[in-house]
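Colleague: Respectively, the protein sequence lines represent chains A and B. Sequential numbering from 89 applies to the first sequence in the working numbering. Sequential numbering from 391 applies to the second sequence in the working numbering.
By construction, these hints were calculated from the structure, which means they are not laboratory data. Glycine included, every Cβ here is placed at the ideal spot set by N, Cα and C. Warning: the hint list may mix true and false statements.
Coverage of chain A stretches by chain B, computed from C-beta distances (three or more under 8 Å per stretch; other residues unrestricted) [what the hints assert, rightly or not]: (1) 148-158; (2) 177-183; (3) 205-214.
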Amino acid sequence: MHYAMLVLFLTYTIRFIFKKEIIVDKTMVEKIQSNPSYQKLVSERSSFAWKLTITMLVVYYAFILLIAFSPETLGAKIVAGGMATVGIPVGIAIIVFAFVLTGIYVGRANSEFDGLLNQVKEDIAKDTK
Amino acid sequence: MKKILLLLSLLIVSAFAAGGDLGAGTKADELNVPAIVMFFLFVFGTLGITYWASKRTKSASDFYTAGGGITGTQNGTAIAGDYMSAASFLGITGAVYLNGYDGLIFSIGFLVGWPVILFMISEQLRNLGKYTFADVTAYRLQQKPVRILAALGSIAVVILYLIAQMVGSGKLIEILFGLDYEFAVVLVGMLMIAYVAFGGMLATTWVQIIKAILLLSGTTFMSIMVMSQFGFSFDELFRSAVEIHSKGEAIMSPGGLVSDPISAISLGIALMFGTAGLPHILMRFFTVADAKEARKSVFVATGLIGYFYILTFIMGFGAIVLVLGAEGGAYLAEDGVTLKGMNNMAAVWLAHAVGGDYFLGFISAVAFATILAVVSGLTLAGASAVSHDLYANAFANGKKVDEQKEMMVSKWATVAIGVAAILFGIAFEKQNIAFVVALAFTIAASANFPVLFMSIFWKKLTTRGAVIGGYIGLISALILVILGPVVWTQILGMGEAIVPYKFPAVFSVPLAFISIWFFSITDSSEDATRCIEAFDAQDIRCQTGIGSDGAVDH
Numbered sequence: 089m090h091y092a093m094l095v096l097f098l099t100y101t102i103r104f105i106f107k108k109e110i111i112v113d114k115t116m117v118e119k120i121q122s123n124p125s126y127q128k129l130v131s132e133r134s135s136f137a138w139k140l141t142i143t144m145l146v147v148y149y150a151f152i153l154l155i156a157f158s159p160e161t162l163g164a165k166i167v168a169g170g171m172a173t174v175g176i177p178v179g180i181a182i183i184v185f186a187f188v189l190t191g192i193y194v195g196r197a198n199s200e201f202d203g204l205l206n207q208v209k210e211d212i213a214k215d216t217k
Numbered sequence: 391m392k393k394i395l396l397l398l399s400l401l402i403v404s405a406f407a408a409g410g411d412l413g414a415g416t417k418a419d420e421l422n423v424p425a426i427v428m429f430f431l432f433v434f435g436t437l438g439i440t441y442w443a444s445k446r447t448k449s450a451s452d453f454y455t456a457g458g459g460i461t462g463t464q465n466g467t468a469i470a471g472d473y474m475s476a477a478s479f480l481g482i483t484g485a486v487y488l489n490g491y492d493g494l495i496f497s498i499g500f501l502v503g504w505p506v507i508l509f510m511i512s513e514q515l516r517n518l519g520k521y522t523f524a525d526v527t528a529y530r531l532q533q534k535p536v537r538i539l540a541a542l543g544s545i546a547v548v549i550l551y552l553i554a555q556m557v558g559s560g561k562l563i564e565i566l567f568g569l570d571y572e573f574a575v576v577l578v579g580m581l582m583i584a585y586v587a588f589g590g591m592l593a594t595t596w597v598q599i600i601k602a603i604l605l606l607s608g609t610t611f612m613s614i615m616v617m618s619q620f621g622f623s624f625d626e627l628f629r630s631a632v633e634i635h636s637k638g639e640a641i642m643s644p645g646g647l648v649s650d651p652i653s654a655i656s657l658g659i660a661l662m663f664g665t666a667g668l669p670h671i672l673m674r675f676f677t678v679a680d681a682k683e684a685r686k687s688v689f690v691a692t693g694l695i696g697y698f699y700i701l702t703f704i705m706g707f708g709a710i711v712l713v714l715g716a717e718g719g720a721y722l723a724e725d726g727v728t729l730k731g732m733n734n735m736a737a738v739w740l741a742h743a744v745g746g747d748y749f750l751g752f753i754s755a756v757a758f759a760t761i762l763a764v765v766s767g768l769t770l771a772g773a774s775a776v777s778h779d780l781y782a783n784a785f786a787n788g789k790k791v792d793e794q795k796e797m798m799v800s801k802w803a804t805v806a807i808g809v810a811a812i813l814f815g816i817a818f819e820k821q822n823i824a825f826v827v828a829l830a831f832t833i834a835a836s837a838n839f840p841v842l843f844m845s846i847f848w849k850k851l852t853t854r855g856a857v858i859g860g861y862i863g864l865i866s867a868l869i870l871v872i873l874g875p876v877v878w879t880q881i882l883g884m885g886e887a888i889v890p891y892k893f894p895a896v897f898s899v900p901l902a903f904i905s906i907w908f909f910s911i912t913d914s915s916e917d918a919t920r921c922i923e924a925f926d927a928q929d930i931r932c933q934t935g936i937g938s939d940g941a942v943d944h
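Okay, chain A solo, but in the shape it has when bound (with noise of 0.2 Å):
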C-alpha cells in the first residue's frame, strides 16, 4: 500500500517536473519536431482541419451567394400546390450539416488524432528515462 503510494507520488512528481521542462529545453522541442508520430499527427489533422473549414465555408457562402443573386432559386416550390420552398429544406439542412461536421471531426479526432497524441507522449516518456 505505502509502496504504491510512494510510486504514485513519484510518477506524478516526475511527470510535474517533466511538464514544466519540455517547453524551455531546446532540444526537446527538436526532438518532438522529428518524431513521426508527430509529425503524422500535425500534418494529417491540420490538413482534415482546414478541409472541414472550407467545406464549411463554401457551403455557407454558396447559400448567402445565392440569397443575394438568386433568391428565387430558395423560393421555388418543392412541390407543385404545396407551400413549403426549396429554401427550408436546405437551410434546415445547412445547420444540420454543421453540426454533422463537428461529429466526424470529433469522431476521427478521439480515434486516430489522440491515438497518434498518445504515441508521441510515450515516445518522449520513454526518450526521457
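Given chain A, put chain B in place with the hints provided.
Modeller: Below, chain B alone, put in the same frame as chain A:
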C-alpha cells in the same frame, strides 16, 4: 457573504411587492402571478448555487475557470446557455414572425461559426491558455502591449453586448412583471454581480446550464404544441401562416433582409468570425480539463444551438398563426398591427397561446434566466480582462502578483462592470440598440479574432504586427460602424450614410489581417526574432497539450 445573498433575496421580494403595486394599471395589464412564482424559484435556486459555488471558489483558477473541472458535456451545455441569448430566443423568433424565411438566415449565420471554432480554435485555446484568450495571444509576444490590446478588445465587446442585454432585459421585465424599467435594470445588474463576484465561473456555469435546460425544454414543448395544432404537417403550418400574414407567400422565401451581395457576405463574416472572437465564449474553453473535453464541448454546443434554431423557426411560424391570428387580436397592441409590448414578444405570447397563464409564467421566467446567464458570462469575461490581463500581467511589469489580490481585483472589477452596465442600461433606454450587437460582433471579428488566429497559426507574427494590426481592426470597425446607416443616419440623423453597410466586417477583418501581416514582416527588431524563435515551442504545446494545466478536483 451568506448575509449579502439573503439580503439580496429579501430585497427582491420586497421590490416585487412594491413593483407589483407600481406596475398595476400602468405597464402590465395585471400582475402575472405564475410568472413571479417561477421567477422566484429560479432566483432562489441560483442564489443557492452561488452560495454553494462560493465555498468551492478559493483560488484564482477556481474563480476564472471553475478549476478546469467542468466536463465536456457540461461545458457544451453551458456554452449553449451562454450563446442562446434573449436576442436569439426573442429576436430570431420575432424575426421569423415578422419576415418568415429571413429569420432563418440569421440563425444559420449564428451557427456556422461553431464548426470553424472547433476545427481552428477550441483545442488550441485549451492547450495554450489558462484564464483568458490573451494568454494565447501574449504567449510568445510581449506581454504588456498585447495584453492591453486584448483587454481593450474584450472590454469593448463585453460592454457593448451588456448594453444590448440590459436594455432588452429592462424592457422585457417591464412588460412581463410590471416593474419599472430602471428598477428591472438595477435588479438584473445586482443579481449578476452576486453570481459572478461570489460564485465565479462555477456559479456562472451552473446558471448557464440550468438556463439552457429550461430554455430547451420550454421551446421543445412550445414547438410540439404548435405542430400538434397542424397535425404535425409543416405544409399545413405554412399554409395557415401564409393566409394570415400580410406579406402572404413572400414569407416563404428570402426577402429584403440580405439585398446586396456585399452586405450578405459582410454579415456572414461578422457572424462567423465574430463568434470566434467573443471573450466570454472563448473563456469557456479554459473550464475543461483538456483538448478532448474542449472539442466535445463544441460538439454538444453545436448540436444544442442548431436544434434550438430549428425550433425558433417553428415557433416563429407558429406565432404567425396562433398569435397574430388569435381571435379578436388578443395579443395585438391598440394599433392592431404590432404585438403588445413589441414584436420581439412573439415567443412569449405564443407561450400563452399554446400553454395558458402557467406556461406564459414559465417562459417569462426562462427569458429572465436567459438574460441573467448571458450577462453573468459577459461580466466574468470583462472582469477577467481587467484583473488577469491588465492588473496581473500588463501592469505588473514582470512581477508575480499575489493570487488572492488578483481575485480581489477581479471581484471589484465585477462590481464596476455591473454598475457601468446598469448606468448604460438606463442611459440607453430610449436608444435604438440594434447596432450595438452588430458593433460587438464586428469588433470581435476585426480586433480579437485576427490576432488570436495569427498568434496560433502564423510563425512570423511579431508583437508589432499583432498590436498595430489589432488596433487597426478595432478602430476601423468602430469608425465604419459610426459612418454606417444605423449610427450615422438613424441615430445621429446626419443624412445618407457614408458607408452603406450595416456590418463593415468585410472591410475591417481583411484590413486587420493585412496590417498584421505587413507590420510583422517589416519588423526586424530583436523582439521580432525572439517571437519567431519562440513559435516552435508554442506550436508543440498547441498541438499536443504537453505543459498545459490539467483539471483540479473539487
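Colleague: With reference to the structure, classify each hint as holding or not holding.
Modeller: So, going through the hints one by one against the coordinates:
1. For a cut-off of 8 Å, the count of residues in the stretch 148-158 of chain A with a CB near a CB of chain B stands at 8, and the three-residue condition holds.
2. Counting residues of the stretch 177-183 of chain A whose CB lies closer than 8 Å to any CB of chain B gives 4, which reaches the minimum of 3, so the coverage claim holds.
3. Residue count for the stretch 205-214 of chain A with a Cβ under 8 Å from a Cβ of chain B: 4. That meets the three needed, and the coverage hint holds.
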